[in-house]
Amino acid sequence: MSDQGSPNQHKPEDAGSEHLNIKVTDNNNEVFFKIKRTTQLKKLMDAFCDRQGKNPNSVRFLFDGQRVNPTDNPDSLDMTDGDTLEVHQEQIGGC
Amino acid sequence: MPSTHLLKNNPELKENHLSSASGQSRTNRVLRYVSRAITVHATRGGVAGLPPTQPTRPSLRDRRYTIDVHNAALARPEDFPVQHLVRALNQPDKSCMEVDLPIQNMNYLKFPHPLRHRELYRVCKGESTFLELETSLLTWEDLVLITDTGQHSWMQDSSLNVALELLGLDFDCKEHGIVFANSFSGQVLWRVGNYGDVDGNDYAYHGDEKSLFRGKDFIFIPINDGYHNEHGDIGGTHWSLLVVNMITKTAHYIDSFLREQSREMEIGFTVTVGLSRIIGEHIGFEVEWFAPQQFEHNLFNGDCGACAPSVYYMSFVLVDQIRRLQDNGFGEGLRMVAQLPEGMGEDFRYWNFNSLHVRRRMQKRILEEKAFQTNTLAQQLTAKHDQEVLQDTGVEALDPPLDNLDCLHEFDNIDDHIDQAGESGEIIETEATKQTGVDEVENYADIFMEILEEEDKEKYHVGFQDDGFEDNVDVKDIIVGEDER
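In order, the protein sequences belong to chains A and B. The working numbering applies: residue 536 is where the first sequence begins, and numbers increase by one. The working numbering applies: residue 1001 is where the second sequence begins, and numbers increase by one.
Next up, chain A with everything else stripped away, as it sits in the complex (with noise of 0.2 Å):
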């Protein structure tokens, strides 16, 4: 998902600090985390989905687009202040 319209994507300056607020949205809910460049997003994915009561296995998260690895940091997403990660629910058909 783009990151078009992003509250805080007029402040430069909070590109180089050390934290970073993300949004995690599911269409439904919104919730903000505060996370370190370098944290791997699994913790987040799994506080999001504990928080949310929603087995981990049985999300996807997204970014820009892409699925997210749980080994991702935000580094190597290159992901900034005020970004979004979007929660797709697990699809499943006849195999």
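Don't take each hint at face value.
Going by beta-carbon spacing under 10 Å, a handful of chain A positions derived as facing chain B [said to hold, decoys possible]:
id, residue
1, Asn-556
2, Glu-565
3, Asp-599
4, Pro-605
Calculated from the structure, these hints are not laboratory results. Just so it is clear, CB atoms sit at the ideal spot from N, CA and C, and this is done for glycine as well.
Fit chain B to the given chain A structure using the hints.
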């Protein structure tokens, strides 16, 4: 009288001194590794340090390699023959004057760390992600599930998305106006089609989708009937396919389990509406009533047909058709793509469609891509190794591997992927190794055990031992020794 200070500041003097310590100082470096379980002693010739992996110009002098490996019994100090120690103590001092510095023996080089090329031995077990592509990824569990026929072996979105993305790569779709959307893009389109421009900013938040779909001739979108179930635990039970022909501005809904006015068909229509809104062009919607229907004898427990393999297979058939038409210049034929004629279902049977074969094909392709990625990284590691070994030697590799060294930039932090050997041969532990080293070594052992024949398994045992390979390295090294029976 040479002093330590003089040696440090006079390379020539130092060289002479070292020459007296070893007659073959430039060619006879010794690598040695000693643990409680094993002793490995290797001598070799070369410029310095480790040998390159490629032929060089000028060619390096002939090298001879000698590698001695002693098992645990011989490696124990108490078993070392006493006469060797006595002989060593009785070595006459080569220096004839007491004012000369004691001759310093050459330092042993340490064996390269066994994890330095761990990418070569990386296997999937225990990894959270098995394969990662540009927009999709899948886990080991997803991969295994593709060919599983157990009770819960539904086709995961991850597996289908990765398989379709690979299909797009195989047919070079990016360069030919074809795009394979993944199921998440499909769900985004469904939201747009269902809710419209809720933010009132002309879908400004969907810039990624706009750039993905605009200007393309063909768009493939997997449809899942769980798109509307956004807040449930699990989405969907059925996969179908939407092929959008932008030449005719028509979306063709292809369903291997087609029923009139089904929920899936409605979702396909909503996705088409969403796509129309995002790219700003009207797109018609057509149901392909003659689409091949899935066979009931290909069921896995708990399902009523192989819809996901059908989606993959139909995508393959259609993208293959598109590429053939493009390559042969049949532009007019492209207008007919995805219009499935009457009798198609019957023909499908003649094509020997077998869902298990298709699933194996998907799995095989994913494994091939994993092997390619791993091999690519391994070759990059080899290139980096050669670059370091031949640095400042005036020698160049004759056959630089894999697109030369330019590919190294693809891994900005390649040092995270490799253990570095410093000038002294010391192993520098990287953060990545600290986190994953043990698992990977264990995986290495798994591979090793698979390679061993059954009878060898009885003869040998493979185990792990903390043997102080590096004092500050918290990894375990593999040892292979005879069974202590």
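Hint by hint, here is what the structure shows:
Annotation: A/Asn-556 was flagged as interfacial toward chain B, and the flag is violated, the nearest CB pair being 18 Å apart, outside 10 Å. Taking 10 Å as the C-beta cut-off, the interface hint given for A/Glu-565 is violated, the closest approach to chain B being about 13 Å. Because the beta carbon of A/Asp-599 sits about 6 Å from the nearest beta carbon in chain B, less than 10 Å, this interface hint is met. Here the hint on A/Pro-605 is kept, as its CB sits about 5 Å from the closest CB of chain B, short of 10 Å.
Hints 1 and 2 from the earlier list are contradicted by this structure; the remaining hints agree with it.
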